[in-house]
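> Chains as they are written, first to last, in this note's numbering: chain S, 1 to 283; chain A, 1001 to 1281.
Calculated directly from the structure, the hints in this document are not laboratory data. Treat the hints loosely; a few may be bogus.
Said to hold, decoys possible - As a list, the in silico SDA-like pairs of lysine to any residue whose alpha-carbon atoms are at most 25 angstroms apart:
1) A:LYS1175 - S:LEU197
2) A:LYS1175 - S:PRO126
3) A:LYS1175 - S:ARG268
4) A:LYS1175 - S:GLU121
5) S:LYS128 - S:ALA140
6) A:LYS1175 - S:LEU165
7) S:LYS128 - A:GLU1178
8) S:LYS128 - A:ARG1275
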Amino acid sequence: MAARVPVPLNGTANAPVNDTPNGTVNGTEGGTAGAQPQDAVRPAATATGTAAATVRGLTRRFGDRTVLDGLDLTIGRGEFVALLGRSGSGKSTLLRALAGLDEDVEGALEVDGEVAVAFQEPRLVPWKRVRDNLTLGLTAPDPAGRAEAALAEVGLSERAQAWPLTLSGGEAQRASLARALVREPGLLLLDEPFSALDALTRITMHRLVLDLWAAHGPAVLLVTHDVDEALLLADRILVLDGGRVAHEWTVATPRPRHRDHPDLLTLRAALLTALGVTPEGPA
Amino acid sequence: MSVVELQGELGGAVRADPRRRPRSATARGPRRGWHRWISPLVVVLLWQIASATGLLPARLLAAPSQIAATAFDLVRTGTLPTAIAVSLERVLLGFAAGAVAGIGLALIAGLSRTGENAVDPIMQMLRALPFFGLIPLFILWFGIGETPKVLLVALAVSFPLYLNTFAGIRGVDGKLAEVARTLRLGRAALVRHIVLPGALPQTLVGLRQSLGVAWLALIVAEQVNADAGLGFMINDAREFLRTDVIVVGLLVYSALGLLTDALVRLLERRALVWRREFLSR
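Next up, chain S with everything else stripped away, as it sits in the complex (with noise of 0.2 angstroms):
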């Protein structure tokens, strides 16, 4: 019945940002972290009223499995919200919903601003220089000199000129990023982009989301199965279950975090029960 709202390209007035979205067990699990009014670490501005995007009813069946069951989200300016969950629990299914990549979605979805994603694997278009890539589609005006900041924002000046296919996985995983930031996007969306980089390359990487996303203050919803990862980056974590997001805590310890911070221990602890997982050895 809901009828599917096609996302809108810039600012439609939205109903205004709920930290608990769906009234679902926030900060109760545990209530480790404290269920803090998001942003007091930021500079990136929230709550002023308008949400990055939102998600009511959203349900999504592949033939007689429903993947999405009526699943709400409200994901704020600048928050940076960290979406975990089993294998086939969704996570995806929902990222290519909010990325206009699903047609058979039903339910609302507003999204404002630009959308952009970088996905697990880079996806650079092999025949284009890594420049062209970010250029690519691009409608602001001066395409070349923004391609350029972006690329020197990830530390690929030098490698501008390169084909994609001479990258490293890391090289080509930040060409993505650049090429997703390059359009100021109001939410961007990040499909398991580090899954696939060796530890190392992951750590940095990581460093450079926070950096990114602190300078360009888009929306944030990053798709992983790494619960450090999501402890690490968000300001939220979200557990996706049943087609709906079961659980969801707010992260209030400020940046740059360490992974042995007690408050992400304890929380860490209860992400792994959620996803059904056994902590080992005592929190």
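Fit chain A to the supplied structure of chain S, relying on the hints for placement.
Below, chain A alone, put in the same frame as chain S:
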């Protein structure tokens, strides 16, 4: 192996695997040493001896020295250049017509379901047709002038290009198409930036196949009622048992075939530079 079988083989769409490219394509392999020339030279030497001792009569096969002399003669008198020009024109015209038709139909079929339903079944059926068998019909329809020869080349060329370009378009990575959607590319931009460049490697495979078939089709077409060109020169020589002229004609066919193949390789190297640097790493 009959020409028809050979055509069928060449006409099939072979996946363009970047790694399948022969090493010689890079033109600086270590295997280009002089010792590769020993065995061919020995064969030519034995051939010359066999001819000189009368073991191999000129009626069956002329001596290499005789062939060289004849080639020089044919060039000097202008017979060979004229024949080459006539044959080359037939191939170029036929190739151009066949390429436009093959690639054009592949675009129609590749870029929309309606187009595919309209074009592909017919092309798949025609593909099964042994089209060198069409020569009698072509003669009835178009007479014995240039038209049937050019059309035969065009027909031969269009199939490998159609099949490979169509497969290339459909083989474009769907993930890149998704990227294009997230970058808000319109349909025209999607085709221009993603689909066509993505299909290009496979189209170039088709181009190489089609040029090979083009020469084959020309040879067959020129065996039938030609009054000029390389085929005519060869047929004419047969009447007079001039095996030296026949061999010269065959050598020219091979040389032209190698030349067009080299041209495509050059084109590949320029067009697929994004892949070459990756492969040569």
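> Run every hint past the structure and note whether it holds.
Hints and how they fare:
1. A:LYS1175 - S:LEU197: holds (19 angstroms)
2. A:LYS1175 - S:PRO126: Holds, because 12 angstroms separates the two Cα atoms, which is no more than 25 angstroms.
3. A:LYS1175 - S:ARG268: With a Cα-Cα distance of about 34 angstroms, the restraint between LYS1175 of chain A and ARG268 of chain S is violated, given a limit of 25 angstroms.
4. A:LYS1175 - S:GLU121: Answer holds: LYS1175 of chain A to GLU121 of chain S is near 9 angstroms, not above 25 angstroms.
5. S:LYS128 - S:ALA140: holds (19 angstroms)
6. A:LYS1175 - S:LEU165: Measuring from Cα to Cα gives roughly 16 angstroms; hence the hint holds.
7. S:LYS128 - A:GLU1178: Since the Cα atoms of LYS128 of chain S and GLU1178 of chain A sit roughly 16 angstroms apart, the hinted pair holds (cutoff 25 angstroms).
8. S:LYS128 - A:ARG1275: The given pair, whose Cα atoms are some 11 angstroms apart, holds under the 25 angstroms limit.
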